[in-house]
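Starting from the two chains in their separate frames, assemble the complex, guided by the hints.
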Amino acid sequence: MSDATQSAFAAGLLEATPPPAGIAAWNSPSPERRYGVYRNNVAASLTGALATRFPAAERIVGPDFFRAMAAVFIRLNPPRSPLLLAYGDDFPDFAANFEPAREIAYLADVMRIEAARTRAYHAADAAPLDPQVLAEIAPDRLGGLVLVPQPSLSVLSSPHPAVTIWAMNAGERPVEPVADWRGQDALVVRPHMIVEVVPLPPAGAPFFGHLAQGRALAEAASTAMAADAAFDISANLAILLRAGAFTAIRKDQDDEDRDHA
Amino acid sequence: MIPSALPRRTGAGFKPEHFAAIIAEPQPIGFFEVHAENYMGAGGPPHTQLGRLREDYALSVHGVGLSIGSMQPLDRAHLARLKTLCERYRPESFSEHLAWSTHDSVFLNDLLPLPYTQETLDRVADHIDEVQETLGRQMLLENPATYVLFSESTIEETAFLAEVARRTGCGLLLDVNNVFVAATNHNLDPGDYIARFPLEAVREIHLSGHSETVDELGAPLLIDSHDTPVKDPVWALYETVISRTGPVASLIEWDNDVPAWPVLRGEAAAAQRMLDAAARQRAA
Numbered sequence: 001m002s003d004a005t006q007s008a009f010a011a012g013l014l015e016a017t018p019p020p021a022g023i024a025a026w027n028s029p030s031p032e033r034r035y036g037v038y039r040n041n042v043a044a045s046l047t048g049a050l051a052t053r054f055p056a057a058e059r060i061v062g063p064d065f066f067r068a069m070a071a072v073f074i075r076l077n078p079p080r081s082p083l084l085l086a087y088g089d090d091f092p093d094f095a096a097n098f099e100p101a102r103e104i105a106y107l108a109d110v111m112r113i114e115a116a117r118t119r120a121y122h123a124a125d126a127a128p129l130d131p132q133v134l135a136e137i138a139p140d141r142l143g144g145l146v147l148v149p150q151p152s153l154s155v156l157s158s159p160h161p162a163v164t165i166w167a168m169n170a171g172e173r174p175v176e177p178v179a180d181w182r183g184q185d186a187l188v189v190r191p192h193m194i195v196e197v198v199p200l201p202p203a204g205a206p207f208f209g210h211l212a213q214g215r216a217l218a219e220a221a222s223t224a225m226a227a228d229a230a231f232d233i234s235a236n237l238a239i240l241l242r243a244g245a246f247t248a249i250r251k252d253q254d255d256e257d258r259d260h261a
Numbered sequence: 262m263i264p265s266a267l268p269r270r271t272g273a274g275f276k277p278e279h280f281a282a283i284i285a286e287p288q289p290i291g292f293f294e295v296h297a298e299n300y301m302g303a304g305g306p307p308h309t310q311l312g313r314l315r316e317d318y319a320l321s322v323h324g325v326g327l328s329i330g331s332m333q334p335l336d337r338a339h340l341a342r343l344k345t346l347c348e349r350y351r352p353e354s355f356s357e358h359l360a361w362s363t364h365d366s367v368f369l370n371d372l373l374p375l376p377y378t379q380e381t382l383d384r385v386a387d388h389i390d391e392v393q394e395t396l397g398r399q400m401l402l403e404n405p406a407t408y409v410l411f412s413e414s415t416i417e418e419t420a421f422l423a424e425v426a427r428r429t430g431c432g433l434l435l436d437v438n439n440v441f442v443a444a445t446n447h448n449l450d451p452g453d454y455i456a457r458f459p460l461e462a463v464r465e466i467h468l469s470g471h472s473e474t475v476d477e478l479g480a481p482l483l484i485d486s487h488d489t490p491v492k493d494p495v496w497a498l499y500e501t502v503i504s505r506t507g508p509v510a511s512l513i514e515w516d517n518d519v520p521a522w523p524v525l526r527g528e529a530a531a532a533q534r535m536l537d538a539a540a541r542q543r544a545a
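From first to last, the protein sequence lines stand for chains A and B.
Read in our numbering, the first sequence has 205 at position 205, and its numbers run on one by one without any break.
Here our numbering runs 261 ahead of the position in the second sequence, where the first position is 1.
One chain only, chain B, in its complex shape (with noise of 0.2 Å):
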């Protein structure tokens, strides 16, 4: 099994409108990372940008339509053109959503919540095992950003976590805004929940904006929008993670209004200089 291994520095979610920009010049990036799902068309323009890009930088392939967490069984032909595309261009990770998808065949194009028990724990843990069979590689599994809870669950999300990745081999993507997101809205202490994640098995962090509202009872409800700057309470979570994991890659997700290439990059430099800070601090 191909181990995910990202390089230990910061990326930047690709988005074709920044295609010119990107190539014009070396970026000081460490790698990009696409859907997989806009490169599973036959060719044209998608294909050629990735092909190029790939030459330069390390690729993560971020999956956002497998439906881990569906009750029912994976896709197989969507499993196989991940493979085809895990062939095609040989990244250097692959990730997919601890959520769900699919429902009796209507793909609803959001991440939806499950419950945590010992049932669909099971259950994630085989679809994951396929997973990683079928792409001969190790997968990462992106905690999510949740609005609501089950009154079923009998889990706490992070020893869920860890259990998968224990028994899978997998590793986790933490995204840290879907942390801050996840606990502001069930009314949890975020660094809380970073001290009982099972840090250990991280090998990938997602930073990204999110968007503020409140419930019918006034209280604050965060919205995983990905379309703004990371607020200051995200990068304040960020550092502390890295500073117990150390440099750990890094990526900015921007997928709506997004801005101008220099804006994104600056983004990720940013992430950058904390990440070189944590290696200085752990070396010290």
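Next up, chain A with everything else stripped away, as it sits in the complex (with noise of 0.2 Å):
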């Protein structure tokens, strides 16, 4: 089999083009149907492996429409590695610029969530950090902390009631029409086997994602209170200690300065 051979039947697989030369049948030449099986299953094993990563989707836009908008998007983004448990990260940024679906505004962000799910799912494993820890620092070095995320953690904000609809169309809550229709952040994280979406409170957003990126604690509350004066230092550690969100303090500022004094 020269290369040839094999690119030629690899082509026709993700276009809908003639069987490729130098194949047969023992009852024909040009066995279209038989080719067909092997498109079908590409076809049907990355749509399958898309439909898994993100259910709710499906949910919201029905599987004709689904099937779709994945047959687009693979033949556009094939996977590039055999590790399945990873395609489709980027499913979600072209569902946003996919135009059949750009009535459904909060369509990608509900697909963040379900990329995000996933992702935690086969995150490295890592114990929460302690409350403990925490409660045994003196109040006034609390600002300087700085705490290392889950390997699972993302920290997800949309414009839309996101977290809501996908709770509704992932089995979590009744499908019901949204009574408050405003935008919602949450984290998404594994602090033990179960991945958990965590709605947060008003610029929880910001908080969560200044210290994700590894800033100190008073900065996060800083950056997270000018983004929203409604920001609630104490509701959103709460979550954090509950949400196992984070694993370990990676280092004390306080400390450094009297360090480096």
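Please note that a few of the clues may not be correct.
[Claimed, not checked] Which chain B residues stay away from chain A? Per the calculated CB distances, all over 12 Å, these: (1) Arg428; (2) Leu478; (3) Thr489; (4) Pro523.
[As the list claims (entries may be wrong)] Some but not every residue of chain A turned toward chain B, in silico, with C-beta under 10 Å: (5) Gln6; (6) Ser7; (7) Pro29; (8) Tyr35; (9) Pro79; (10) Leu83; (11) Ala86; (12) Pro151; (13) Val195; (14) Ala235.
Since the hints were derived computationally from the structure, they do not count as laboratory data.
Even for Gly, the Cβ is constructed at its ideal location relative to N, Cα and C.
This is the structure:
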């Protein structure tokens, strides 16, 4: 088999072209339907991989629409690795720009929650920070703490009620009209074996986003406060501990300042 | 080189949805088989479950993404991931397919066919040498379910597999359902295929279901769909094989429309009864 034979065989799998030269069946020199089995396997298995990863999106748009959208995505962005557990990381961005889905403005953000959930599912394991460790730190030194995020942590922010819509379409809560249509922020994190989607209070996204980037607690809090005056530090700290979103204290800014003094 | 050494009993393909039922009580199962690529994430439930299963059962790691039949070089990064996985779980067996799935860096996620020529034989043997050297273990190579033939083929599939096994020292994974599917699709006698197969190199057998359709001319076209119980002619072919080989590690594969655990376990038990009968026959 030359490279050319394999190229021709591969080329017809993602595009609806006639069977490549050089293949045959016992009863036909041009076995279109037999070659079509391979094309169908490729399409069905990759669509299936995306449907497994984005079930809420499939429920929102319906199976036919989802399959059609996936088919365009697969043709433009076929997998580049045999690790299909990571396939579709860029499917939400694709959906955001997919013209036929433009009216479903929240779709891409729901898909970002689903993509983050799969990443969290397969991320490295790490024990959450013991709340007792924080409790033993003097209050005047809390602001200088820098925390190590869970490998599974994503911080998401949506101008739509994406968390509520995701929950309704993931079977986490009954499907009903969204009473309070406003933007929502959330953490996606796996503190132990279960992936959690944790809704955040006002300015939670900038707060946790900065913490996850390695900014000190006080800096993250003042950024959040600047973003939204309704930012409530104690509510957010309670979530930080309850969600198990961080694993350790990386450094204590005050200690370092003393060391360098 | 660590030889492939599964217990000569029946096993089941592991599905995460069966985990709770499996660990709830001891299972009459000789081994579990997993798809390697599902356990290449950094952590999480897949590894926790596999680690737990490994405590009680023999393990077969079955790759579906290495693209051994590719004309291009093997993906070294993927081979390294397989090595990491094998070192972590120390499975009794590692197997892959006589097929390709990656071309020009695009992973097509299907087991695609290759023509059988001296050129492809050399390439496949080189790839298997590389796999076995890297992993430090014997691998098993599985015969494919195919839907088309290549006009450039000059070697029969059974002779191709026999020569690859002879040159590389790899073992063979005989998928009896694939034999039935491919023979039917190419209007050949599956019994004749088995008669020509190098059974002495077989270290594992796969059993699964297939679906039935027809081509444009109305001729049967079977699809290797892994979504039903094992069908009667495949069971019959299996009995023929084990009457000649004696008991061989035999796996029930059920990957789509997966049933409740007791149904899959029942299929494995049915295969075990046939293995036991074959063992008694040979002892007599």
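Okay, the hints, checked on the actual structure:
no.	hint	result
1	Arg428	holds, 18 Å
2	Leu478	violated, 6 Å
3	Thr489	holds, 16 Å
4	Pro523	holds, 24 Å
5	Gln6	holds, 5 Å
6	Ser7	holds, 7 Å
7	Pro29	holds, 9 Å
8	Tyr35	holds, 6 Å
9	Pro79	holds, 4 Å
10	Leu83	holds, 5 Å
11	Ala86	holds, 8 Å
12	Pro151	holds, 7 Å
13	Val195	holds, 8 Å
14	Ala235	violated, 29 Å
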